[in-house]
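Trainee: Work out the full structure, taking the sequences as your base and the hints as a guide.
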Amino acid sequence: MDTYLSAKNLNFFYADYQALFDINLNFDAKTITTLIGPSGSGKSTLLRTFNRIFELQPKQRVEGEIILEDQNILNKNVDVNAVRRKIGMVFQKPTPFPMTIFDNVAFAIKMHEKIKKDALKDRVEQALIQAAVWDEVKDKLHQAGSHLSGGQQQRLCIARTIAIKPEVLLLDEPTSALDPISTAKIEELVTELHKEFTIIMVTHNLKQARRLGDRTIFMTDGRVVEETETSKLFSDPQDERTAKYIEEH
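Numbering (my numbering), first residue to last: -7 to 241.
Rather than coming from a laboratory, the hints here were simulated on the basis of the structure. It is possible that part of the hints are untrue.
What the hints assert, rightly or not - Quick list of in silico lysine-lysine cross-link-like pairs, DSS-like style, CA-CA up to 27 Å:
1) Lys0 to Lys102
2) Lys187 to Lys177
3) Lys108 to Lys78
4) Lys187 to Lys224
5) Lys22 to Lys108
6) Lys22 to Lys78
7) Lys51 to Lys85
8) Lys78 to Lys157
9) Lys106 to Lys78
10) Lys85 to Lys187
11) Lys113 to Lys130
12) Lys85 to Lys177
13) Lys177 to Lys106
14) Lys157 to Lys68
15) Lys22 to Lys132
16) Lys187 to Lys78
17) Lys22 to Lys51
18) Lys108 to Lys132
19) Lys177 to Lys130
20) Lys85 to Lys108
21) Lys102 to Lys132
22) Lys109 to Lys85
23) Lys78 to Lys0
24) Lys22 to Lys187
25) Lys78 to Lys68
26) Lys187 to Lys102
Mentor: Shown next, in the form of structure tokens:
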């Protein structure tokens, strides 16, 4: 497969505290990569570098390169909004906007492009279908998104993210706040979405990493310890730290 997204010599700092050390990784197009490791190992921090969302917080900085389609997206002259359109992110806790279900998805589209009303309706519907939530919300599109269940809210957030047609989807523990039935629906959705998107997913659930990941990365203390095909990492870890973590979890 062709490498689609790369991190090269990536270091990350919260003010004077270094959280990531010399990260070098390649991600292939239309694959699912799962990130595992103990809390505080740098998984979510790494995810946040890929769409430069860390820049919304003061005193956070990154060194090195993130290459998307032969362009270093960390360059100062790169349009951050264009980066975030190409690299969408879904967070651990569902975060619907304080507006209707329809407007949650429409708002994201209108932010990035001029679109006629009929075309907008079609795009919203398409995104909700793609996020496997349309059948549950089609009769209440003008009700508040916050009235949905946790699992539905998370699928709404996924719909909002994919509505602007990104190329990469970052998922930061998207099922950790959900019940087992909602979790199963999101997992099924992620499996379906990777036919269209390159997906990088942080999870604390090793069974989930095993089920979903084409490749898995094990991190600890801000460093990549091991990265390989998921089945290989779980059946034959090459580093004793990986083996110990898998055994204990």
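Trainee: Could you run down the list of hints and mark each one as holding or not?
Mentor: Now the hints, each set against the structure:
For the proposed pair Lys0 and Lys102, the alpha carbon gap of about 34 Å is over 27 Å, so the pair is violated. Restraint check for Lys187 and Lys177: the C-alpha separation of about 17 Å stays at or below 27 Å, so the hint holds. Taking the CA atoms of Lys108 and Lys78, the gap is about 22 Å. The hint holds against a cut of 27 Å. A threshold of 27 Å between alpha carbons decides the hint, and for Lys187 with Lys224 the separation of about 22 Å falls inside it, so the pair holds.
Under the criterion of a C-alpha separation no larger than 27 Å, the hint pairing Lys22 with Lys108 is inconsistent with the structure, at around 30 Å. Between Lys22 and Lys78 the CA atoms are separated by roughly 14 Å; this keeps the pair inside 27 Å, and the hint holds. Restraint check: the Cα-Cα separation between Lys51 and Lys85 comes to about 24 Å, which is no more than 27 Å; the hinted pair holds. At roughly 7 Å between alpha-carbon atoms, Lys78 and Lys157 fall within 27 Å of each other, so this suggested pair holds.
Pair hint Lys106 plus Lys78 holds up; C-alpha atoms about 17 Å apart against a cutoff of 27 Å. A distance of roughly 25 Å separates the Cα atoms of Lys85 and Lys187; the hinted pair therefore holds under the 27 Å criterion. The straight-line distance between the Cα atoms of Lys113 and Lys130 is roughly 12 Å, inside the 27 Å bound, and the hint therefore holds. For the hint linking Lys85 to Lys177, the alpha-carbon distance of about 16 Å falls within 27 Å, and the restraint holds.
Between Lys177 and Lys106 the alpha-carbon distance is near 32 Å, which puts this suggested pair outside the 27 Å criterion. The suggested pairing of Lys157 with Lys68 holds, with an alpha-carbon distance near 24 Å, which does not exceed 27 Å. Our distance criterion of 27 Å between C-alpha atoms is broken by Lys22 and Lys132, whose separation comes to about 33 Å. Among the hinted pairs, Lys187 with Lys78 is consistent with the structure: their alpha-carbon atoms are about 16 Å apart, no more than 27 Å.
Annotation: proposed proximity of Lys22 to Lys51 is violated, straight-line Cα distance about 33 Å (limit 27 Å). At roughly 22 Å between alpha-carbon atoms, Lys108 and Lys132 fall within 27 Å of each other, so this suggested pair holds. Distance hint between Lys177 and Lys130 is fulfilled; the C-alpha atoms sit about 18 Å from each other, no more than 27 Å. Restraint check for Lys85 and Lys108: the C-alpha separation of about 32 Å exceeds 27 Å, so the hint is violated.
Taking the CA atoms of Lys102 and Lys132, the gap is near 21 Å; set against the 27 Å cutoff, the hint holds. Taking the CA atoms of Lys109 and Lys85, the gap is near 31 Å; set against the 27 Å cutoff, the hint is violated. A hinted pair counts as satisfied when its Cα atoms are at most 27 Å apart, and Lys78 with Lys0 qualifies at roughly 19 Å. Among the hinted pairs, Lys22 with Lys187 is consistent with the structure: their alpha-carbon atoms are about 6 Å apart, no more than 27 Å.
This hinted pair checks out: Lys78 and Lys68 have alpha carbons roughly 17 Å apart, not beyond 27 Å. Restraint check for Lys187 and Lys102: the C-alpha separation of about 25 Å stays at or below 27 Å, so the hint holds.
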